[in-house]
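Residue numbers (my numbering), protein chains in the order written: chain A, 29 to 242; chain B, 3 to 560; chain C, 661 to 978; chain D, 20 to 137.
Since the hints were derived computationally from the structure, they do not count as laboratory data.
Hints are supplied without guarantee of correctness; some may be wrong.
[Claimed, not checked] Subject to a maximum C-alpha distance of 25 angstroms in a straight line, what follows is the list of computed DSS-like cross-link-like pairs (lysine-lysine):
1. C:Lys-770 to C:Lys-963
2. B:Lys-499 to B:Lys-20
3. A:Lys-161 to D:Lys-83
4. A:Lys-161 to B:Lys-246
5. B:Lys-30 to B:Lys-430
6. A:Lys-204 to D:Lys-83
7. A:Lys-204 to D:Lys-27
8. B:Lys-30 to A:Lys-47
9. B:Lys-246 to C:Lys-710
10. C:Lys-777 to B:Lys-430
11. B:Lys-524 to B:Lys-503
12. B:Lys-430 to C:Lys-710
13. A:Lys-142 to D:Lys-83
14. C:Lys-705 to B:Lys-246
15. A:Lys-142 to D:Lys-27
16. C:Lys-792 to C:Lys-856
17. C:Lys-770 to C:Lys-792
18. D:Lys-28 to A:Lys-142
19. B:Lys-246 to C:Lys-963
20. B:Lys-30 to B:Lys-502
21. B:Lys-20 to B:Lys-430
22. C:Lys-723 to C:Lys-765
23. B:Lys-430 to B:Lys-499
24. B:Lys-502 to B:Lys-524
25. A:Lys-117 to A:Lys-204
26. C:Lys-723 to C:Lys-770
27. C:Lys-777 to C:Lys-907
28. C:Lys-777 to C:Lys-826
29. C:Lys-777 to C:Lys-829
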Amino acid sequence: MNNPPTALQDQFVEMPQQKEAATLGMWTFLATEVLFFGAMFMSYITYRTAYPRAFALASHHTILLFGTINTAILLTSSLTMALAVQAAKESNSRWLFRFLVATVLFGVAFLGVKGLEYHQDIADHLWPGPHFKSGLPPEAQIFWVLYWIMTGVHALHVTVGIVLLSIMALMARRQKFSGAYYTPVENSGLYWHFVDVIWIFLYPLLYLIHRYAA
Amino acid sequence: MNTTVESSEIFVPAREPKTYLTEGRTLKSWLLTTDHKRIGLLYLYSLLVYFTIAAIAAALMRLELITPAGDMVTSETYNKLFTIHGTLMVWFFLIPSIPAVLGNFVIPMMIGARDVAFPRLNLLSWYIFNIGGSLALYSVLFGGVDTGWTFYTPYSSTYANSHVIAMAAGIFIAGFGTILTGLNFIITIHKLRAPGMTWFRMPLFLWSMYSTSVIMVLATPVLAMTLALMSIERIWGVGVFDPKLGGDPVLFQHLFWFYSHPAVYIMILPGMGVVSELITCFSRKQIFGYHFVAFASVAIAVLGFLVWGHHMFVAGESIYAGIVFSFLSYMVSVPSAIKVFNWTMTLYRGSISFETPMLYALGFIGLFTVGGLTGLFLAAVGLDVHVTDTYFVVAHFHYIMVGGMVTAFMGGLHYWWPKITGRMYPEKLGQLAALIMYIGFNLTFFPQFILGYLGMPRRYHAYAPEFQIYNVMSSAGASILGVGYLLPLIYFIWSLKHGKKAPANPWNATGLEWQTTSPPPKHNFKETPVVTGPPYQYSAEETEIALHKPAKEQRAAS
Amino acid sequence: MNFPLFPDEASAAARQTDYLYCALIGVSLVTMAVVFVPIVIFLFKYRRGKKADRSPVHLPEMKIEITWTIIPMIIFTGLFAWGTEVFWNVERPPANAMEIDVVGKQWMWKIQHPEGKREIDELHVPLGRTVKLLLASQDVIHSFFLPEFRIKQDVVPGRYTTLWFKANKLGTFHLFCSEYCGTHHSAMIGHVIVMKPAAYEAWLTQGETSGTLAQSGERLYRELGCSGCHENSTIVHAPPLGGIFGKSVPLQTGQFVTVDEGYIRDSILLPAKDIAAGYTNDMPSFQGRVNEEQLQQLVAYIKSLPAPVPNNSIQEAK
Amino acid sequence: MKTANAPKKMYIRIWIALLALLALTWGLSEVDLGPFNNVAALGISAAKTLLVVLFFMHVRYEPKLTWIFVSAGLIWLLIMVDLTMSDYVTRGNVRPTGQSWRHTGQIDPATPATRSPD
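Work out the full structure: start from the sequences and follow the hints.
Laid out in structure tokens, this is it:
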């Protein structure tokens, strides 16, 4: 085996062991994240069951076009991420760098669209509180509280992902990775895909309730 | 354990070998250490701070409760005292106690590893934990919190006038420390076991720590998000639990207890693991029913997630859900019962000696059994209607958490003290302290069962006069208990300088951690040990030889 | 000195609960004997240095383990069944109960009797009659705890909970708030006074009242303008409310709702939640315009409305 | 995973499938399918998730242990949802079926007349 850029750490006996530990650690972290978002999904399910009508009415005020575009952006960013990991596996530093940058750019685009959407939501009086849009039942505010929290926490995760992948891109630039050692890229990728998966569920839950009735 | 270890046998006393303690003596070498043993000690120091504050709060509460009138402190202060006691004890002492201190110290050694899987992450956990702790202390020092450790909405989110956000943020942050510790242990146990250390050759402490880690990883994030939702509601005035919008405060309780009930098992499973180590070692017996004890830990961790609704029988939960949760609660007590029976059978035909750790282990069995049995009272949903939210509950969980976890923690600390420090603690004083603690504990908390059945609600600053007699007993017991805690603190510190030098294996125990020097070198073992057999290969018939006891006692024995 | 072990038994439920409690103490003592007696014997017999037969024996481990897994399971299932039976009785009010409304508020209990009598931190009830309490909270979660009756129910803001008992002993008993509710939680206490039925009737008529609870409710009903829509309005179509209580009503969604206090409450505060079939959601929320006591009065009024006779008129009903 | 270009092609095919599913879920949301709108929306999300997890995250090629870790989070989430809902669905007084008192003949037979005209 080529001497990897980052040496074997003291506590491990061999590289595969170290890599398996890191990957398994990442999956454990993602399991934690599932439950972290789980508390929000639980709240959502509870109230949607209790107030189906109010949730449908409230959800009609979300901006479907932005939501759909953002879903497409994140799905595409997952593709570039997967390709980045593949490039790393093939020791192709140049393409690794390019795909990572592409993923970061998609992430930034996602946040941009989300920002536009937030701007419009606020202009639309959809921020819960005393100035909340009139004409909606009180329970509709719960939908919007959840909308802001869920998309907000998700956006925070996207931001963390962007920072993480930017660091990876810089490291790739400096030739830190090779086919023998690319665990950080792989794990950042797992994180990025996870963020994508969360959005895959947020999209129908927040944007697609009873659309046909709108 | 049948092991082939070269290092411990070739012990060269001529030149003082470097230990993990002497490997760098600067403050920086401690604050930037990635050595799991040093991190364990860092946790021990910080826990001592949180424990002391929480214990002082408890002492003040017990003082206040000597008389029925609320005459010593105001009700506002009293409410802050029990909140400080609860939050600090639960999140900043009990949850990290055995896992972060003893777990960090012994897990890698027990599996024959050089360190945990992610040593830097381990250090980061300690910092995260203490950042959370500092926020909690900030909220304590600058006004306190008065929500109780349960943070029930809408009181916490709307009505409380205290530093709720700082405390919630502290717990939120410290929670990530716990998650990362759990993650680290899971991966360590999966990936770093020494050659030959199969799952069923692992000491039971590891099984219990593995189960604990699973709970830490899967339950803690829910608490974090729940407290975040509560804080958001408090900050912006609208939220998901707000009854004015149609929100349901009971949902907060569901989410809170989805974490907090399993968290109770974070606070007892490690104790069970320690006790399995102690009982076998001091009765020179292989554990009875190894597989059952091991799987009981896993069963408790999994079933522990299915029972949280028993905290909410009268909270407005549907009666059908109450009945389901009642049944599941009874089922989770089965594996605990199995463990107690197995420990009992382990003593059969053993060769039992009564060093301090063993006294704590026996104390654990007694107190845990009482705590567990009173759990059956609370799981009986019809009876719970009467005793929930009374002192009966207070007594019950103190029997589990203090009688169980803290007793086991003390037992474990005494047991591994020679390994940690290289010094022996004074045995006679240790035995005395264990006895004092046992008496003090029972006097403090047993009367509270009766108080609870009489109907004294918890979190009462002033109470009806007929409850006084039991409160006085309880407060008297608390002062004895206090002595029981102070004594070890004093002699532990004393032993650092003046304690007898500890041999590598003072208890003649079989765990891998005893196969290296006391204190161990930086990476634990000079050579990676190879495991060839099951754990706890003790023999009750060969105990008269090679014990650490003074020659006089050995002679008397033979 | 006096060492009480049980609170007074002032209801049938108290006796049931005490039996269960004693049975559990019995089970605990037996279990403790089963565990602690062998431990003490072993500790004595096999203490180090004492001569004893320590030769390893081969025990049928599997059989032993299965035995002590199955036996606790059976015992626990029995305890579960017993506990559930007590719970079932304690939680489900009988149909013929007299109803008293309770509002928990930081830090007092406000009680309204259907006859219009109101009291604070005291609850007068007649001996031997089934009493059902309708519990509401104006602010945070409280818990209505009567130790001598062995019952307790959290009072949750935003909804109604209920509690019932049948006092079988005359006297004054404790009323505690047992869910932490803020600064003066431990002062949110009071008494239940169990009186002979005749004395209770006499007590009800003492002092001034502003009419029955339903009458207060009716005044509110008119002040708030409910009658404008719910009584044969030609402009807005709102469901008539006469005789609706206790009935199963079809909803817009195709489901059915049993009209109880909770449904009436939700319909006033969250009118968009469950809309009766055939109606649109035109009703505004009265959130913030009525307090919990007024809500209970409105509920009492709507409950009191008789089913409409073909010539649908409230006046006639009175 | 052996030849150099095979995974790349596969990734692109999966991406196309993901976008197709997105279009499908978007389109279906505009059609009234009754209760099946929710089923369809969540089913499609689950399908998309499977594609991402199995291929983009390579779980398909991972050992069993990884599968266990991946499913743990999901199983625990289901525990939480399941037992919490065991409270909520048994709590209310709304039932899927019931007998309308209006149709029992007990009361006002002219009920439809009191209904709103729309």
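Evaluated hints:
Between C:Lys-770 and C:Lys-963, the direct Cα distance comes to roughly 21 angstroms. Compliance with the 25 angstroms bound is thereby established for this hinted pair. Using a Cα cut-off of 25 angstroms, the hinted pair B:Lys-499 and B:Lys-20 holds, with the two alpha carbons roughly 18 angstroms apart. Under the criterion of a C-alpha separation no larger than 25 angstroms, the hint pairing A:Lys-161 with D:Lys-83 is inconsistent with the structure, at around 50 angstroms. Distance restraint check for A:Lys-161 and B:Lys-246: the Cα-Cα separation of roughly 16 angstroms lies within the 25 angstroms cut-off, and the hinted pair is therefore satisfied.
The suggested pairing of B:Lys-30 with B:Lys-430 is violated, with an alpha-carbon distance near 37 angstroms, which exceeds 25 angstroms. With a C-alpha separation of about 30 angstroms, the suggested pair A:Lys-204 and D:Lys-83 falls outside the 25 angstroms cut-off, and the hint is violated. The straight-line distance between the Cα atoms of A:Lys-204 and D:Lys-27 is roughly 23 angstroms, inside the 25 angstroms bound, and the hint therefore holds. A threshold of 25 angstroms between alpha carbons decides the hint, and for B:Lys-30 with A:Lys-47 the separation of about 30 angstroms lies outside it, so the pair is violated.
Taking the CA atoms of B:Lys-246 and C:Lys-710, the gap is about 71 angstroms. The hint is violated against a cut of 25 angstroms. For the hint pairing C:Lys-777 with B:Lys-430, the CA-to-CA distance comes to about 69 angstroms; that exceeds 25 angstroms, so the pair is violated. A distance of roughly 19 angstroms separates the Cα atoms of B:Lys-524 and B:Lys-503; the hinted pair therefore holds under the 25 angstroms criterion. This hinted pair checks out: B:Lys-430 and C:Lys-710 have alpha carbons roughly 21 angstroms apart, not beyond 25 angstroms.
With a CA separation close to 38 angstroms, the supplied pair A:Lys-142 and D:Lys-83 exceeds the 25 angstroms bound. Of the supplied pair hints, the one linking C:Lys-705 and B:Lys-246 is violated, its CA atoms being roughly 66 angstroms apart against a limit of 25 angstroms. Using a Cα cut-off of 25 angstroms, the hinted pair A:Lys-142 and D:Lys-27 is violated, with the two alpha carbons roughly 29 angstroms apart. A hinted pair counts as satisfied when its Cα atoms are at most 25 angstroms apart, and C:Lys-792 with C:Lys-856 qualifies at roughly 18 angstroms.
The straight-line distance between the Cα atoms of C:Lys-770 and C:Lys-792 is roughly 15 angstroms, inside the 25 angstroms bound, and the hint therefore holds. Distance hint between D:Lys-28 and A:Lys-142 is unfulfilled; the C-alpha atoms sit about 30 angstroms from each other, more than 25 angstroms. Annotation: proposed proximity of B:Lys-246 to C:Lys-963 holds, straight-line Cα distance about 24 angstroms (limit 25 angstroms). The hinted pair formed by B:Lys-30 and B:Lys-502 fails the criterion: a straight-line CA distance of about 29 angstroms is larger than 25 angstroms.
A hinted pair counts as satisfied when its Cα atoms are at most 25 angstroms apart, and B:Lys-20 with B:Lys-430 does not qualify at roughly 31 angstroms. Taking the CA atoms of C:Lys-723 and C:Lys-765, the gap is about 58 angstroms. The hint is violated against a cut of 25 angstroms. Between B:Lys-430 and B:Lys-499 the alpha-carbon distance is near 18 angstroms, which keeps this suggested pair within the 25 angstroms criterion. At roughly 22 angstroms between alpha-carbon atoms, B:Lys-502 and B:Lys-524 fall within 25 angstroms of each other, so this suggested pair holds.
Simply put, A:Lys-117 and A:Lys-204 have alpha-carbon atoms about 13 angstroms apart, close enough for the 25 angstroms limit, and the pair holds. Distance check on the hinted pair: C:Lys-723 and C:Lys-770 sit about 60 angstroms apart at the alpha-carbon level, beyond 25 angstroms; violated. For the hint pairing C:Lys-777 with C:Lys-907, the CA-to-CA distance comes to about 28 angstroms; that exceeds 25 angstroms, so the pair is violated. Annotation: proposed proximity of C:Lys-777 to C:Lys-826 holds, straight-line Cα distance about 20 angstroms (limit 25 angstroms).
Only pairs whose Cα atoms come within 25 angstroms are accepted, and C:Lys-777 paired with C:Lys-829 is accepted, the gap being roughly 23 angstroms.
The earlier numbered hints that this structure contradicts are 3, 5, 6, 8, 9, 10, 13, 14, 15, 18, 20, 21, 22, 26 and 27.
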